[in-house]
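Following the hints, position chain H against chain Z.
Note that the protein sequences, when read in sequence, are chains Z and H. Under my numbering, the first sequence has 91 at position 91, and the numbering climbs by one with no breaks. Under my numbering, the second sequence has 200 at position 200, and the numbering climbs by one with no breaks.
Simulated from the structure, these hints should not be mistaken for lab results. Take these hints with a grain of salt, some might be off.
Here are a few chain Z residues that face chain H, going by a calculated C-beta distance under 7 Å [stated by the list, open to error]:
1) Y41
2) R42
3) L91
4) A125
Here are the in silico distance ranges between beta carbons for each label pair [what the hints assert, rightly or not]:
5) E185(Z) - T66(H): 46 to 56 Å
6) L90(H) - S95(Z): 21 to 31 Å
7) S105(H) - A15(Z): 41 to 51 Å
8) A135(Z) - T66(H): 13 to 23 Å
9) R194(H) - H52(Z): 43 to 53 Å
10) Q200(H) - S95(Z): 53 to 63 Å
11) C22(H) - R71(Z): 43 to 53 Å
12) R187(Z) - D209(H): 49 to 59 Å
13) A39(H) - R174(Z): 32 to 42 Å
14) S95(Z) - H13(H): 32 to 42 Å
15) E31(H) - G162(Z): 18 to 28 Å
16) A74(Z) - H13(H): 47 to 57 Å
17) D209(H) - R71(Z): 14 to 24 Å
Bear in mind the structure is a predicted one, so any value in this text is a computation, not a measurement. No residue lacks a Cβ here, since even glycine has one placed at the ideal position from N, Cα and C.
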Amino acid sequence: MMARRMQSGAEVGDAYLVARAREGYLDAYELLVQRHSAMTYRVALRLCGNHHDAQDITQEALIAAWRNLDRFRADSSFSTWLYQIVTRQALNKVSRGRRADSLDLFEDVADPGAETAAQTERNLAVDAVTDALAALPFPQRAVVVLHHFEGLSYAEVASVTGSTVPAVRSHLFRARRTLGIKLQEWR
Amino acid sequence: MNDPPVPQQPARHLLESATLPCGADVDLLLEQVADGRGADLDDHQQECVHCQAAIAELAALWQPVTDLAGDPVPAPPGITATVMNQIRTLVHDVWYTLQTTDLGSIRIAARIVATLARDTARMVPGVRVALGRSTQGRLAALAERATFGHRHPHAAVGVLGRTAVVDLAVAVSYGDPVHQIAKAIQQHVIAELRDNLGLQTVVVNVTVDDVLTDEDGQ
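Bound-form chain Z, shown alone (with noise of 0.2 Å):
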């Protein structure tokens, strides 16, 4: 009898899937979907601030990928590629005015009644963190999600935002001076 084996496609680089993807092969893409859907909403929800929109901005992100999948230039990473689509359309999003609420993932799950003290003080601070963030200007949200919660390079980041090391550095020098000051007043 047959081995039973599952594999999910862990085993083969992003470039493989790129590739088939633009031959037609639907679940190569699939799982790109699958290895690349958690950051491209994690980096919608820092942001854009609310998980709604996130979602949206995900699911736009990924589908522009898709359609622009023969744009791709297989110099660069398709998950830098991918930060690139996903911060642009963030951008769009709230530069259509939506108002940022909040980034706490686990506010529409959340027991109030069942909070600690200690759960209490973390959503706080979780609030604090989130509009802090959400009154920087956007390029300034954009380097710090980028380089502080993404773990991104300054070249990187750099690559992403279509700017330069310097100019990123400069945007999170101010950043972190404005995020410490909002910061300081929370506590």
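Relative to the frame of chain Z, chain H by itself:
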């Protein structure tokens, strides 16, 4: 001998200053703390109470950001299915197998054929990754040509009637006999599609386009 008293640096004052009394740049200290290098004191900082106090204050201030950044954020449930459904709608991937019985007709979407073929291929020993798309050969090719220009270039053409041609792209383990794996894939997929979907004529094209070592994908 007692250590000198550590000067207090209210965060607000600190963040509105360009430098500390010792001349240290506040932006650089905040960068150091925010990048998680607050404990990596340089020679000056190891001796400077101003820097040590400022780093401690900034680290406490930045901690909520670090905490939030470390929170795991899973993808929303169902997001992959939602995205792929929209994409399949965009490519008009709506071809069906069609069987007429005494009780009525049975339609099975082409992507179901492709998915079943792919999943069957993945269970064959030696197969590391399998990707499937289904075509109906000549008939589907004609249909595709007829609608050329209205379909997305990434469209996968489906199946019609009780005939299907399935394309499988697979990556196999390095060192395994490729032709035997490919043959096994064809046999298992054909049997699966006949038994489970009732397709009579099934052609399975296998393209082995990558060989992976154990280190790949690590």
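Hints versus structure:
1. Y41: Nearest chain H Cβ about 5 Å off; hint holds.
2. R42: Status holds, d = 4 Å.
3. L91: 20 Å, violated
4. A125: Since the shortest Cβ distance to chain H is 4 Å, the answer is holds.
5. E185(Z) - T66(H): 46 to 56 Å: 19 Å, violated
6. L90(H) - S95(Z): 21 to 31 Å: Once the Cβ atoms are compared, 25 Å apart, the range 21 to 31 Å for S95(Z) and L90(H) holds.
7. S105(H) - A15(Z): 41 to 51 Å: Roughly 42 Å apart at Cβ, these two residues keep to the hinted range, so it holds.
8. A135(Z) - T66(H): 13 to 23 Å: Cβ of A135(Z) to Cβ of T66(H): about 19 Å, so the range 13 to 23 Å holds.
9. R194(H) - H52(Z): 43 to 53 Å: 45 Å, holds
10. Q200(H) - S95(Z): 53 to 63 Å: The hint (53 to 63 Å, Cβ to Cβ) holds, given that Q200(H) and S95(Z) are roughly 55 Å apart.
11. C22(H) - R71(Z): 43 to 53 Å: 51 Å, holds
12. R187(Z) - D209(H): 49 to 59 Å: With a Cβ separation near 57 Å, R187(Z) and D209(H) satisfy 49 to 59 Å, so the hint holds.
13. A39(H) - R174(Z): 32 to 42 Å: 25 Å, violated
14. S95(Z) - H13(H): 32 to 42 Å: 36 Å, holds
15. E31(H) - G162(Z): 18 to 28 Å: 22 Å, holds
16. A74(Z) - H13(H): 47 to 57 Å: Holds: the Cβ-Cβ distance is about 51 Å, inside 47 to 57 Å.
17. D209(H) - R71(Z): 14 to 24 Å: 23 Å, holds
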